[in-house]
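Trainee: Sequence:
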Amino acid sequence: MAEQTQTISDRIQQKLDELTRAERQLALSILENYPASGLGPLSSLAKDANVSVPTVARMVQKLGYKGYPDFQAELREELRAKAKDPISKHDTWAESAPSGHLLNRFTDAVIENIRLTLGQIDPEAFDAACAMVANQDSHLFIVGGRITHTLADYLFMHMQVIRPHLTHVDTGSNTWPHYLLNVQKGDVFVIFDIRRYENNTLKLAELAHARGARIVLFTDQWRSPVHHLAEICLSCRIIAPSAWDSSTTILLLVETMISSVQSLNWSGTKQRMEALEDMFDQTKLFRKFT
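One gets this note's numbering by counting positions in the sequence shown from 1 and adding 12 to each.
You may find that some hints are simply not true.
Claimed, not checked - With a cut-off of at most 30 Å between alpha-carbon atoms, the simulated DSSO-like pairs for lysine-lysine come out as follows:
#1 K296 / K282
#2 K197 / K282
#3 K59 / K78
#4 K78 / K27
#5 K27 / K74
#6 K59 / K74
#7 K59 / K27
What the hints assert, rightly or not - Here are the computed distance ranges between Cβ atoms for each label pair:
#8 R127 / P81: 28 to 36 Å
#9 E289 / T179: 19 to 27 Å
#10 P189 / P66: 45 to 53 Å
#11 L130 / Q172: 26 to 34 Å
#12 R88 / G224: 31 to 39 Å
#13 G198 / L28: 25 to 33 Å
#14 S254 / E44: 26 to 34 Å
#15 A222 / F292: 26 to 34 Å
#16 A222 / D120: 42 to 50 Å
Calculated from the structure, these hints are not laboratory results.
For every residue, glycine included, the Cβ atom is placed at its ideal position computed from N, Cα and C.
Model the full assembly from the supplied sequences, consistent with the hints where possible.
Mentor: As structure tokens, then:
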């Protein structure tokens, strides 16, 4: 069966403005511990949200489900999708792959990922995340995982040019707790974590949060457990016809963030760029043709 491109969380967020006060209270309760909150009996969900059983039934129907069992069935599918390993991902696509060259199929999937991601990203939240990253009064920590370290490397390299006071944290090393010794209240962590979410990344986020750090999270449509700690969560679609997830949409947001932070800090960034170019000239790192 093909993976769902829209999660129940997406549906809830899209419908929030149409819900009654009690239904909104229920929706926010579901999102607070999503997706586990919806896996128990209907009566337990109603009790946890302090609403009536009929309120749960009405909201589930507003989300497009015939009833609570259908709602739960899709939640379970989401949990299975979150836990998929590369072989399972490949088999899913191999079974349902449409005709046509892989270049076209992969491109179509990526374009759909971008369309769906941009459709649900809050521009104000994104701008706020960029402002947090640009704030030079706070130390910036950038954290990636086994696969996402390449995205963290990319962001870190650009931020080195744009601003001072930043650190790249390698959670693959057993020395990563050392970095937390210097964390001050108000420091900013940009964390990358997509499905097969990493225990080290979650533990680092918990310890950083406990020390008063603010977290910007880049994650997938199912959302890393770190989202419970994040001040801003940027969820991206990552499904592709491959044994591996696609990072294209995350990279799009990262490059947009780089552009925004560069503009916010342009005066200082320009000086740093000029100094860096002078060092490049002295070291003859790059060829010149003029």
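Trainee: Could you tell me which of the hints above the structure violates, numbers in ascending order?
Mentor: 15
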